[in-house]
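Undergrad: Sequence:
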Amino acid sequence: MSEKYKVSEDGYYGEFGGAWVPEMLYKNVEELQNNYIQIIESAEFQDEFRSLLSEYCGRPTPLTFAKRMSEKYNTQIFLKREDLNHTGSHKLNNAIGQILLAKRLGKKRIIAETGAGQHGVATATVCALMNIPCIVYMGEVDIARQQPNVKRMEMLGAEVRPALSGSRTLKDATNEAIRHWIANPEDYYLIGSAIGFHPYPDMVAKFQSIISEEMRVQLKTKTGKETPDVVIACVGGGSNAVGAFYHFLDDEPVQLIEAEAAGLGIDSGKSAATSILGTEGIIHGCRTLLMQTEDGQIVEPHSISAGLDYPGIGPLHAHLIKTGRAKVVPVTDAQALEAAFILTRTEGIIPALESSHALAVLEQVTFKPTDVVVVNISGRGDKDMDTYIKAMHAND
1 MSEKYKVSED GYYGEFGGAW VPEMLYKNVE ELQNNYIQII ESAEFQDEFR
51 SLLSEYCGRP TPLTFAKRMS EKYNTQIFLK REDLNHTGSH KLNNAIGQIL
101 LAKRLGKKRI IAETGAGQHG VATATVCALM NIPCIVYMGE VDIARQQPNV
151 KRMEMLGAEV RPALSGSRTL KDATNEAIRH WIANPEDYYL IGSAIGFHPY
201 PDMVAKFQSI ISEEMRVQLK TKTGKETPDV VIACVGGGSN AVGAFYHFLD
251 DEPVQLIEAE AAGLGIDSGK SAATSILGTE GIIHGCRTLL MQTEDGQIVE
301 PHSISAGLDY PGIGPLHAHL IKTGRAKVVP VTDAQALEAA FILTRTEGII
351 PALESSHALA VLEQVTFKPT DVVVVNISGR GDKDMDTYIK AMHAND
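Each residue of the sequence shown is one higher than the one before, counting from 1 in the numbering used here.
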């Protein structure tokens with residue numbers, strides 16, 4: 001990978017990133033910074049990581065040609081099926097990588113934050129597998145709207161602790177997890193998205209890069225070339241998108257499109273379109289783009305999707321957007337719902353609401369008939385069935 005997309009020694013992608021942490025966390029963060037590369041690039045680690053991806057996750061996930069969707073949009077659409085990964089999303093790729101790292105660092109308890117619950121489920125899953133206690137922080141609002149995932153976490157043995165402050169969503173769950181880590185520095189904080197203080201964005205990107213690594217091989221088989229014309233992924237913090245983009249960053253002709261949650265509309269006051277509404281600032285330990293007032297107070301985000309209901313964006317994504325390497329398409333709640341039903345009824349695949357934002361780009365951008373377009377289906381829609389059912393019966 002070229003230097004312009006690699007993280008620097010001090011954790012920056014261009015002007016975004018870094019490690020802005022309380023003094024009490026400095027020792028923990030320094031331990032990770034000093035050891036993560038040596039550990040995760042070792043042959044022993046990679047052998048165990050790759051074995052679990054294959055034998056436990058069920059990778060590689062398929063790259064499915066969407067025949068009827070391709071006919072509808074007059075282009076060649078392929079779906080990268082992270083919904084078929086064990087636990088139902090891409091989140092397990094990173095959770096496995098970080099639990100193996102935590103074990104090698106001698107950590108005895110894991111904490112995590114979650115929004116839609118998929119990262120919480122993935123973390124609870126690997127903690128059950130490795131017999132390590134697990135605490136997951138989740139916003140009270142998200143607990144109510146993502147009950148299936150809450151029950152899965154509890155069944156796996158995790159303790160789910162509600163975040164009761166602020167908007168009681170992902171931002172606040174992250175705040176609570178960081179507070180816990182300050183009070184319990186002997187624990188390991190397993191961050192789920194490509195956000196946070198260095199080295200987390202880089203670690204998450206490396207673990208999730210398996211998505212685009214597989215895409216290159218699968219595209220070669222299906223189309224005769226390793227690179228698509230377009231890759232589309234939803235972005236909040238941005239772990240699935242960074243995984244889908246990673247091995248194409250230096251292939252400049254490949255267009256990278258980030259679908260961002262516009263909520264009720266960009267100018268509605270109920271949005272999470274960070275790259276459009278945000279300005280440069282610091283959130284959860286890194287310098288990035290975030291929604292904030294003139295005096296630096298966080299503006300509460302809104303999205304129908306719990307996983308995209310976040311006021312910031314990962315620092316690598318901020319860099320890709322600012323440099324023009326990635327294009328952002330805002331998607332409203334209504335557009336995401338419509339896209340979910342289109343995929344469901346044309347291909348028989350029920351996507352997560354997060355993934356539906358990526359699918360909605362197909363309605364807003366016109367591609368050439370010869371284009372190869374890959375949409376990352378980051379998760380399955382089981383967790384969102386209550387929302388989908390309500391939408392189906394909204395006019396009853």
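It should be emphasised that the hints constitute simulated quantities derived from the structure, not laboratory data.
Some hints could be false.
To be verified - Calculated lysine to any residue pairs in the SDA-like style (CA-CA distance at most 20 Å, straight line):
| id | residue 1 | residue 2 |
| --- | --- | --- |
| 1 | K206 | A334 |
| 2 | K327 | N395 |
| 3 | K108 | E71 |
| 4 | K4 | K270 |
| 5 | K270 | K206 |
| 6 | K107 | K4 |
To be verified - Cβ-Cβ distance ranges computed for the label pairs, FRET-style:
| id | residue 1 | residue 2 | range |
| --- | --- | --- | --- |
| 7 | P62 | S2 | 22 to 32 Å |
| 8 | D386 | A183 | 32 to 42 Å |
| 9 | K225 | K27 | 30 to 40 Å |
| 10 | N131 | R216 | 15 to 25 Å |
| 11 | K327 | K220 | 16 to 26 Å |
Glycine included, C-beta positions come from ideal geometry on N, C-alpha and C.
Undergrad: Please flag the earlier hints that this structure goes against, numbers listed from lowest up.
TA: Checked against the structure, the hints that fail are numbers 1, 2, 3, 4, 5, 6, 9, 10, while the rest are satisfied.
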